[in-house]
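*Asks:* Here is how the chains run, residue by residue.
Protein chains: 2
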Amino acid sequence: MFAIAPATGKANLSASQLKLLAGKARWIFRVGEAGFPTIPTIVITRAAWDELQAERSRRDIRLRTHWVACLFRLVQADGKPPLLAVRTSAASHNGGLMPARTGIAAPAAPEDAVDPARPLARAIKEAFESYGFSGGGWGGARQEEDRARQIVLVQAVAEGETELFLTRNATTGALGPAAVDGYQLPLLPESVNALIALLDAKAGRHMACLVAVNRGRVQFLSARPVQVNAGAEVEAAVDRVERKVWIPQNAVTRVDASRLVQMLHPRLKSPEGISPIAMGLGVSPGAASGVIVFNAEDAARMRARGNHCILVVNETGPSDIEGMKAATGILTARGGMTSHAGVIARITGKPCVAGARTLSVNAADMVCRIGDREFRAGDRLTIDGTDGAVYVGALPLAQPQIGGAIGKLLGWSDASRTIAVRTNAETIDAVQTALSFGAQGIGLARSEHMFFSPERLAALRRMILSENEEARSKAIAGLVDYQTGDYSTLFAVMQGRPVNVRLFDPPLHEFLPRNDEEIEDTAASLGVAVRALRLRLERIAEVNPMLGHRGVRLAITYPEILQMQLQAVLAGARAASENQAEPVAVEVMVPFVSTATEVAWVRERAMSILDNSGLLRSDRVRFSIGAMLELPRACLRAGDIASMVDFISFGTNDLTQTTFGISRDDAPTFLAAYQRKGIYERDPFVSIDEKGVGEMIEIAVARGRAANPGLKIGICGEHAGDPASLRFFAGLGIDYVSCAPYRVPVARLTLAQASA
Amino acid sequence: MFAIAPATGKANLSASQLKLLAGKARWIFRVGEAGFPTIPTIVITRAAWDELQAERSRRDIRLRTHWVACLFRLVQADGKPPLLAVRTSAASHNGGLMPARTGIAAPAAPEDAVDPARPLARAIKEAFESYGFSGGGWGGARQEEDRARQIVLVQAVAEGETELFLTRNATTGALGPAAVDGYQLPLLPESVNALIALLDAKAGRHMACLVAVNRGRVQFLSARPVQVNAGAEVEAAVDRVERKVWIPQNAVTRVDASRLVQMLHPRLKSPEGISPIAMGLGVSPGAASGVIVFNAEDAARMRARGNHCILVVNETGPSDIEGMKAATGILTARGGMTSHAGVIARITGKPCVAGARTLSVNAADMVCRIGDREFRAGDRLTIDGTDGAVYVGALPLAQPQIGGAIGKLLGWSDASRTIAVRTNAETIDAVQTALSFGAQGIGLARSEHMFFSPERLAALRRMILSENEEARSKAIAGLVDYQTGDYSTLFAVMQGRPVNVRLFDPPLHEFLPRNDEEIEDTAASLGVAVRALRLRLERIAEVNPMLGHRGVRLAITYPEILQMQLQAVLAGARAASENQAEPVAVEVMVPFVSTATEVAWVRERAMSILDNSGLLRSDRVRFSIGAMLELPRACLRAGDIASMVDFISFGTNDLTQTTFGISRDDAPTFLAAYQRKGIYERDPFVSIDEKGVGEMIEIAVARGRAANPGLKIGICGEHAGDPASLRFFAGLGIDYVSCAPYRVPVARLTLAQASA
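Listed in order, the protein sequences are those of chains C and P.
Every position in the first sequence, counted from 1, becomes a number in this note's numbering once 8 is added.
Every position in the second sequence, counted from 1, becomes a number in this note's numbering once 8 is added.
Next up, chain C with everything else stripped away, as it sits in the complex:
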């Protein structure tokens, strides 16, 4: 035991004592050392406490003498026995810890200071006991050592009022005393500002601070960091730079990149004129639309298929957390700002409307009522977590803008970043969002996604369902014009930034009619009999479409599709190049390759089409060709493949599916059990599996670079928007990552942190 804030003078701590300063103790020591009036405080470790107790049975008093002397030092200033307080001081916050005990009378005799039947020793004993044993029994010696180092604080009780406040505003991030959630902001003397500036500079984050105010005099009691929303965190970080407390690099490295996503919520485009069907509380900001689901499993299934959904429940509880993470937005009938739904939604950054009183949910029957209307699973809703409105149907959403503090932070981050950030996008809306977020190019334009409008889908279906080359060629002819226009617009918007067009890779089952009604409509639009269409659908149905007739396999079996697509890309590039200063940079990517011969086959044809187009000799279009590595075999053969391409890009979604042998669509049936039983440390579809999929990528990067030193290497799976994965990718020596538009800021910041 030792004083970190003695009643008089400075503390005199050994190096080993300094190492024990965890949690509040650290802040008390640092504030005291900085010269701010601080309440006298003693630190006692569990090891010391256990030894004090052991001494009692040995009738030894050496340590007790030291302990009592320490207690005496608390009152050295005026000599009268003070009231004492006992506080825990954990390194990280833990809900089960003992709340501070105050007003404990100082022990009258030395024995009283160690006797657990007496108030002071009892409080200390209970404080240690509240730490419990952390973790699951695997720590061994290390855990024993950590336990011995747990500390409890014994403080003098200050005179005057005890006041609690934040060092910065929890919403705006502005410096100055601010109210703690659920409390009034107390009246504080001017001198508290010095304490706030001191703590803010030393901690570099929002702190909840406890002081005693006695006749205008402030005395520091303790402080602990608090989690605030990402916006406030970013504002505070930028403010510290502007106050010269930090250099920009500090701000870049200290902000948690994964929390940026919270700041980039979509909002309703123009809710005016549209009436909400219900109002609740907007407990987590942002708007979301999607189909209704009633349970976590369905939410996970929707997410796995890339669809948006709104989780609709009466109220949420711990068993709903997975479902909330998987949902795009959450709507509850009960609860408010501090309800489980609100807290978890804000932590996970999901838009949430809570306490919509006219909503009632019958989860068993998969039906809910809002007012007098009934909704079933699959019906669409839009919610606005900013104002609490609920709308029928999927309303158009507008994208958030980057500016102010986050703009400055990202600007600073670009200075230290060495890996480019592109985006996975193909629609003009998505591309413009990504550009506004700082995307430096398109790393993955999924050409088949350009066919989602009804009349195009019909054309696409006609092609997929064609029985022979002639019918297919006819169907394709109908697609060239659409495609040429699409590409020309895309290249124009990108103004010379690289655009990676992935060759057609339709997961057939997603594009074909499924239910009776769709089949009848499709048959009518194709002019074939329903029965004939059903037969054709049966013939092309695949047992495992994920591993079926897709990617480069389509280009090789139906070269006319490849031909059409390349012609459209080249015509689009030519058209765009005529209206802009910068040359168009086209990268054609061959998907789902497993052998170098596949790449060679496509490359030969592509080059011949390029040659005939006359663009080979143009300086207005820069054309390159590459392979998408998303199969284990492609990674192993990356040397052969690299020697005949300009770039490779890893599709980490499919690479994870094949490396693990997991269909992402089907994973929900066992992934939850896997995480519960600790089989997977984390979901491999969220954060890259470094030891398996990661090694596959490492092997491929090494072999690819060895075979082709000029090779450009990118990563375009969804992992490219996940901070943990990005940190891993940053160590691989790659050239760029490409992520969803909303993740571009996350990637910019994370990669800057990784380069720092």
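Since the list gives no way to pick out one identical chain from another, each pair is judged satisfied if it fits inside one copy or across any two copies.
For lysine-lysine, the following DSBU-like pairs were computed, each having C-alpha atoms within a straight-line distance of at most 35 Å: (1) Lys-720 to Lys-699; (2) Lys-685 to Lys-720; (3) Lys-416 to Lys-277; (4) Lys-133 to Lys-18; (5) Lys-699 to Lys-27; (6) Lys-685 to Lys-482; (7) Lys-27 to Lys-210; (8) Lys-699 to Lys-333.
These are calculated hints, taken from the structure and not from any lab test.
All figures in this text were calculated on a predicted structure; none of them were measured in a lab.
Position chain P against the provided structure of chain C, taking the given hints into account.
*Replies:* Showing chain P alone in chain C's frame:
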């Protein structure tokens, strides 16, 4: 040009001339050198011939002088100008080669010997031209060199009759003159036997031999090897050993292991009392039963799903070869023994009935008639390629026995083999077949295959379809007794040989009812409403069942299945061990693992069940646990996995599917185009892909051995029955392979050859 069989004395060839002896030239030289009377023969290379032609325009005569002198040497014996014959002499047979030209008058003047307008030079020129250019234009310099070394033979024409015969019988392999297919066996003098023995010893294979017989005197003209059925080949090889021409090792290394399969045909068990519906010609032996298919694509699809099918066509042509390879048997309406169907069927070893006159096929409508009965795709037939009978339905087949020559050959092969051969089997019939073929254990007992009988399938479906743990536990209880009995019998039959039981790994979709009728039956047998069953089926349907809720994932999500299965295995082992001298050797294999934690999880539970069973301390049961590596990630993490198991075994089928990202079920839509366009050198599901899947296995073997030097390593995918794959596996340092029962002899021989 030089004489390899001069009119008098021995040939005197330089080393470089000896190297030119390809095809017939080699046999003429070797027979002549051995002292058997041989027709005088000159070899002329294309290089020499081209130079002779070039000389003519240069008015140079040096080479021509040599050429004419050679021609003179043909007649050195009696000095009268003979009639000449011109023959090609290719290293390998080629249908387009010029047939022998005989009776050409010797040139009257030196110029006539090189003038292409004259008969001799014209025949030589045409012989060279008939070689054409081989290959697809990638050979470059090497191809040019090969072309220059092509040779043509000029022979004196012998007096007397020219006779053709085989050195051994094409069916029995017996030594002695035998008829060539389609010809009568000529009457030959006794002295031909010396030639036959000479050729058989030198060539070590069946030879077609051409001699001139003139008043009882035999003169050797030429010979070439002929392909005969595998049975004759094996008989001949064993006969050579018994005649002391070869040592056993020669027989082991010289027999083509892949052709052994032909000898191991099933036959009809007891066709007595069952009348054939039609008779054709039995043109390729063995019986086969399966569902009717009408085209190669459907045959490939059936094969990919592991189902037997009979390809039924009017007649076959080159476009049917892939379908014939994929089919279990072939039935044609037209053609005979030497028809395309017959030839290809015998080469590929498929049972074939040709020329069934009452059959007519309407391939477009997918229907055929046999007599007055109509059959559609999916109906079942049985054919007997030995006697030409065709039966309705799937008749029971009996397995071939190993004995006689093949038994001797395999016995010799075991002496030099270091890698054990096990079998993939779980039914008593299949296991007994495998044991009769020399299997040393079971390397893969697919526990779910024990449920194919109707009442068991109902129990299995009840388990799969159960909605919760209670219902599942009840369904499982009904399975334990079946399983215990199965395992007890299996262990008893194996008499202490190792038995690898793979934990339950059902590809759900194969076990569930599909059409309306099946669904109604299943609903009735489970006592649930049809509508409820349909809903349940919809809920558990998987998008990609191959990558879904299977393998170890089932054991972890439904531990009660694991518990039931282990208890049944252990009870079976205990029961068997009480009636036999050898301890029961049980290996429990965990399928479809991707992480070491999965293995640890199952291992912990298995050990606790084993502990409770009391068998842990028994010396009557040897229990070991291992992992099936069939996913790329499992190969990369083989070190972690190996450290907690006794063995690993590679499932090369699924490893090929995931490494390539190919669903075998769906591959037929593009694999044919891939092979046609040369994308794949060979079907990776037939012969292991050494550069991709093979490297995965190499990585895993190295990491596994490093982590656990006592690790036992096996391979249990279908590749373990393919000679090319087996040669690769033999180089990996593995302990055993496990293949289908019929492939056990192939594996025994191939692995012996690889160790030689």
